[in-house]
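Participant: Kindly generate the complete structure, drawing on both the sequences and the hints.
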Amino acid sequence: MRARVLIRPKEGILDPQGQAVERALPALGFEGVANVRIGRLVELDVDDPGKVPAMCERLLSNPLIEDYEVLVMESAGS
Amino acid sequence: MKFGVVRFPGSCDEVDALHACRLFGDAELLWHGDRELHEVDAVIVPGGFSYGDYLRVGAIARFSPVMETVQEFALAGGPVLGICNGFQVLCEAGLLPGALLPNAGLRFVCRQVELEVVNRETPFTRACEPGERLSIPVKHFTGCFYARGEALDELEANGQVLLRYAEGHNPNGSLRDIAGVTNRQKNVMGLMPHPEHAVDPLTGSTDGGRLFESVAAHVAELAPAAA
Numbered sequence: 005m006r007a008r009v010l011i012r013p014k015e016g017i018l019d020p021q022g023q024a025v026e027r028a029l030p031a032l033g034f035e036g037v038a039n040v041r042i043g044r045l046v047e048l049d050v051d052d053p054g055k056v057p058a059m060c061e062r063l064l065s066n067p068l069i070e071d072y073e074v075l076v077m078e079s080a081g082s
Numbered sequence: 004m005k006f007g008v009v010r011f012p013g014s015c016d017e018v019d020a021l022h023a024c025r026l027f028g029d030a031e032l033l034w035h036g037d038r039e040l041h042e043v044d045a046v047i048v049p050g051g052f053s054y055g056d057y058l059r060v061g062a063i064a065r066f067s068p069v070m071e072t073v074q075e076f077a078l079a080g081g082p083v084l085g086i087c088n089g090f091q092v093l094c095e096a097g098l099l100p101g102a103l104l105p106n107a108g109l110r111f112v113c114r115q116v117e118l119e120v121v122n123r124e125t126p127f128t129r130a131c132e133p134g135e136r137l138s139i140p141v142k143h144f145t146g147c148f149y150a151r152g153e154a155l156d157e158l159e160a161n162g163q164v165l166l167r168y169a170e171g172h173n174p175n176g177s178l179r180d181i182a183g184v185t186n187r188q189k190n191v192m193g194l195m196p197h198p199e200h201a202v203d204p205l206t207g208s209t210d211g212g213r214l215f216e217s218v219a220a221h222v223a224e225l226a227p228a229a230a
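Residue numbers (the numbering used here), protein chains in the order written: chain A, 5 to 82; chain B, 4 to 230.
There's no promise every hint is true.
Here's a subset of chain B near chain A, in silico, CB distances under 10 Å, partners left out [unchecked claim]:
#1 Leu58
#2 Ala62
#3 Glu95
#4 Pro105
#5 Cys147
Hint data in this document are derived by calculation from the structure and do not stem from the laboratory. Glycine included, each C-beta is placed from N, C-alpha and C at the ideal position.
Facilitator: Laid out in C-alpha cells, this is it:
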C-alpha cells in the first residue's frame, strides 16, 4: 500500500520558512495570502499501513513540534 | 579522568572537542557503530551534521548503536554534554527537554556571543565564577530552543537553564534567551554555542574551557582515588 504522511509544524510553532514565503508572494503581485505554513511530505510503500502512525511517532515526526496526518492510498504507484 | 567524544558520520567538531577535553583530562573518540564506551567517565556528543541530518536534525543519529549505550550511561547518572548537533541529538533522544527549530531569522549564524551563567551548581558549570559571562562562538542554522510554556517555567523553577544569551546576543530566537539546559537530574547538558572552539587564546577566548574543567572536577570528586 502506498501511504502519504503530511508533517506540519504545530500551531503556534514559529515557522520562518512560511513567513519568508508569505512575504515573497505579495512582492510577486500575489495579494491576499496569509498564514503560510511549510511542512514535509513523506510517501512510502508499506505492507501494513497500520504501522505508519508508530513510524511517525518514533522517527518521521517530532511530536513535540510537529503534527502528522497519514493518508493511505488504494494501491502502490497511484 | 577520561572523556569520550562520539564520532558520527557527518560530525565535524569532534577533533576540537577532543582537544578541549585533553586540556583537562584524557580523551578518546567513540565510534557511532560501537556500543562500547571504553570506560569513559564523561561523554561529549559533538557538533556537526550527524548522518547528514537527513529528515530532521539529530533524528537519525539518536538511534545509532553508540547512543543506546550513551542513553544507559546517562540514565545511570554519567555526565553527558551535547554541543550544537549533539544538543539536537540529545533532545531527539529524549535525554533533554525541548527541541531545536530553524533560526528565527532563517539564516545560518556564525559569530561570537556572550553568555550568562544562570546556574553554577551543576557538573557542567561549577568552575564558573559568580556572575561570570562567557564569550563563546555559535555556528548553526537550527538553534532556536523551543519548549512549551509550562515546560519552560518548570525548567527555570528547577534550575535547569544553565546558560542564557546575554541581552542583545540571542542569535536564533531561542525562547527566553535559553542557550544551554540540563535534564532534571542535571547530569545531561546541551548547548548551541561551541565551548570546544573557545579554549585557546589564539581564537580569542578561553571561556569554553570552563565547561570541560567543570566536568573534570565533577568526575574527580566522585572518584578521588581514580582521578
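Participant: So, for every hint listed, does it hold in this structure?
Facilitator: To see whether the hints hold, each was checked on the structure:
1. Taking 10 Å as the C-beta cut-off, the interface hint given for Leu58(B) holds, the closest approach to chain A being about 7 Å.
2. The interface hint given for Ala62(B) is met, as the beta carbon of that residue sits about 6 Å from the closest beta carbon of chain A, less than 10 Å.
3. Because the beta carbon of Glu95(B) sits about 7 Å from the nearest beta carbon in chain A, less than 10 Å, this interface hint is met.
4. For Pro105(B), the suggested interface contact is upheld, since its CB lies about 6 Å from the closest CB of chain A, less than 10 Å.
5. About 7 Å separates the beta-carbon of Cys147(B) from the nearest beta-carbon of chain A, less than 10 Å, and the hint is met.
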